[in-house]
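Novice: Listed below, chain by chain, are the residues.
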Amino acid sequence: MTPKLNVSNAVAVVLCAGLLLLPVYSAVSGNIFILTLFTRIVIFALAAASLNLIMGYGGMMSFGHAAYLGIGGYAVGILAAEGTGSGFIQWPVALAVSALFALVIGALSLRTRGVYFIMITLAFAQMAYYVASGLSRYGGDDGLTIYKRSDFAGLINLSNRTQFYYLCLACLFGGLYLIWRIVNSRFGLVVQGVRSNEQRMQAIGFHANRYRLACFVIAGTICGLAGALLANNTDFISPAVMYWTRSGDLMVMVILGGMGSLFGPVMGAIVYLVLEELLSQFTEYWALIMGPLLLLIVLFARGGIMGLLGRISRD
Amino acid sequence: MFLVVEQLLNGLQFGLLLFLLAAGLTLVFGIMDFVNLAHGSLYMMGAYFAATFVAWTGNFVLGALMALGATLLLGIALEFVALRHLYGRDHLDQVLATFGLILFFNDAVRLIWGPAGLALPLPAWLTVPVQIIPGVFYPAYRLLIIAVALAVAALLYVVVMRTRVGMLIRAGASNREMIGALGINIKLLFTLVFGLGAALAGLAGLMQAPILTVQIGMGENILILAFVIIVIGGIGSIRGAFLAAIFVGMIDTLGRAFLPDLLRKVLSGAAASTAAPALSSMLIYLLMAIVLVVRPEGLFPAAKR
Numbered sequence: 037m038t039p040k041l042n043v044s045n046a047v048a049v050v051l052c053a054g055l056l057l058l059p060v061y062s063a064v065s066g067n068i069f070i071l072t073l074f075t076r077i078v079i080f081a082l083a084a085a086s087l088n089l090i091m092g093y094g095g096m097m098s099f100g101h102a103a104y105l106g107i108g109g110y111a112v113g114i115l116a117a118e119g120t121g122s123g124f125i126q127w128p129v130a131l132a133v134s135a136l137f138a139l140v141i142g143a144l145s146l147r148t149r150g151v152y153f154i155m156i157t158l159a160f161a162q163m164a165y166y167v168a169s170g171l172s173r174y175g176g177d178d179g180l181t182i183y184k185r186s187d188f189a190g191l192i193n194l195s196n197r198t199q200f201y202y203l204c205l206a207c208l209f210g211g212l213y214l215i216w217r218i219v220n221s222r223f224g225l226v227v228q229g230v231r232s233n234e235q236r237m238q239a240i241g242f243h244a245n246r247y248r249l250a251c252f253v254i255a256g257t258i259c260g261l262a263g264a265l266l267a268n269n270t271d272f273i274s275p276a277v278m279y280w281t282r283s284g285d286l287m288v289m290v291i292l293g294g295m296g297s298l299f300g301p302v303m304g305a306i307v308y309l310v311l312e313e314l315l316s317q318f319t320e321y322w323a324l325i326m327g328p329l330l331l332l333i334v335l336f337a338r339g340g341i342m343g344l345l346g347r348i349s350r351d
Numbered sequence: 149m150f151l152v153v154e155q156l157l158n159g160l161q162f163g164l165l166l167f168l169l170a171a172g173l174t175l176v177f178g179i180m181d182f183v184n185l186a187h188g189s190l191y192m193m194g195a196y197f198a199a200t201f202v203a204w205t206g207n208f209v210l211g212a213l214m215a216l217g218a219t220l221l222l223g224i225a226l227e228f229v230a231l232r233h234l235y236g237r238d239h240l241d242q243v244l245a246t247f248g249l250i251l252f253f254n255d256a257v258r259l260i261w262g263p264a265g266l267a268l269p270l271p272a273w274l275t276v277p278v279q280i281i282p283g284v285f286y287p288a289y290r291l292l293i294i295a296v297a298l299a300v301a302a303l304l305y306v307v308v309m310r311t312r313v314g315m316l317i318r319a320g321a322s323n324r325e326m327i328g329a330l331g332i333n334i335k336l337l338f339t340l341v342f343g344l345g346a347a348l349a350g351l352a353g354l355m356q357a358p359i360l361t362v363q364i365g366m367g368e369n370i371l372i373l374a375f376v377i378i379v380i381g382g383i384g385s386i387r388g389a390f391l392a393a394i395f396v397g398m399i400d401t402l403g404r405a406f407l408p409d410l411l412r413k414v415l416s417g418a419a420a421s422t423a424a425p426a427l428s429s430m431l432i433y434l435l436m437a438i439v440l441v442v443r444p445e446g447l448f449p450a451a452k453r
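As they're listed, the protein sequences go chains F and B. Each position in the first sequence, counted from 1, maps to that position plus 36 in the numbering used here. Each position in the second sequence, counted from 1, maps to that position plus 148 in the numbering used here.
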């Protein structure tokens, strides 16, 4: 599949270039804040992209995706608190625990469909939230401060703003590339086939749920990576990261940007978080505008921003 | 022993309250096929309206009735302005749109009533403890909640099972297109059902208000509980919602009351006091997960469409 030249792809290229050059702009203009903001945005874009893999391509509407942010974050935080500062241990553990969690809840949740699936993933995320709240050794409800960012033996310094930004960006691009490869592989086509017509895929001999589950685990693992980045970014991890409204935020980013398009979630994360930032500078009651805006987007802009761009390029 | 009776009643009271919330949700879901995350916001609005109107009129019952009416109107307005355009849309669209409404309502409340919570004081005649069996006293207000919720549940049963409107509601739940084709004004019916659901949510909110503080976000946790209930009970089934609500209310209340002591017998003191709150909060989610794994359609699934 060779990428065609159209508005959506042009926008995606501009987007990537913009993200790559952002630290340069930040250094030249002396605007450090924008780099901090976009570090957060890039991390959430990675999380949203992983959700898009199961939601947009796999048709699995998970309402508990923020759980992996918390699990990845807690893996880093707990290991740091116990004196294991090396990122070479922390990050693989974060990924492994996220994958394991995804495997267990995926195996159980995938027995259900539709709204029941939305609800059961939500329930599992809430359980993770309460488990984290109960970890009194690691701060419980108040959360856990991470005093030292993951240490990569001098390879990269996570406390350096620019280096950390580029690390996050590399993870995002890596994640997007992985998702792109998956979506266009045989495996990805089966998963998308199952989304469109499960019975037919079963009938031609695919074990639908195994493919779904594998996809679910991959998405959870990628989001666990975003969690590890997030914990390093904020130097702090708390159960609030896993609260269901966080999962809602991720869903909003995916749908806002455009479900089932590779760069949609990135776009969604940028628009959602920048809008939140701008509105909260303009008024304390930013959600008063954001809420109805979401409603309007759902009502009038189906397919999100990427869908809109796609329509422009077709006209 | 007295503690057990008291906690059983607390569980019943909480369960009935949850039923009021879940009934509206399951009606709207079952009939309009509409996932309304903003149901919890209506619950919150009911509580805020009640706190305002009671302070304004100085009469608890009058204020509560006005709050009920206000939530009903708010629900109808909401349906008319925004939500009716979302019927027939993907569930995901509905989740997103009503998620936006939650954001809106939370900030609207913060703008109007301020970030601090409100208190809704009870009138003197409701604060006296009542002796229910010799030696056991129970707060009159909680008994009132039980009575009102049971009455509403009975009324709902009669309306849905014995009246013409109820027949239309049931018909709508089993086949929407068909009753439309038979010349029933579906739009009106949907607005009516949504208003009814909103009023039930408002009733739950205003009754809970004197027990907890009236605060922003109060609807969110309980909304998730209500969803758990309709999923356990089977979506669209009022009977299922009723049984599941009582069940969840009991398990949640009894779990919180007795689990710490039970755990202390098994684990060391420190470990038990750490694990107990988390475990008792998790209990219902665990229950739901088990139910969904064993019976993916819920315990009492409504008739197939």
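Honestly, the hints are just simulated from the structure, not real lab data. Note that beta-carbon positions come from the ideal geometry of N, C-alpha and C, so glycine has one too. Among the clues, some could well be false.
Stated by the list, open to error - Pulled a few chain F residues facing chain B out of the computed Cβ check, cut under 7 Å:
hint: 1; residue: L315
hint: 2; residue: S316
hint: 3; residue: Y321
hint: 4; residue: P328
Novice: Quick check on S316/F please, does its C-beta sit within 7 Å of some C-beta on chain B?
Specialist: violated, 11 Å
Novice: Against chain B, is L315/F within 7 Å by beta-carbon distance?
Specialist: violated, 10 Å
Novice: Given P328/F as an interface hint, is its Cβ closer than 7 Å to any Cβ of chain B?
Specialist: holds, 6 Å
Novice: Go through the hint on Y321/F and say holds or violated, using the shortest Cβ distance to chain B against 7 Å.
Specialist: holds, 5 Å
The structure fails to meet hints 1 and 2 from the earlier list, while all remaining hints are met.
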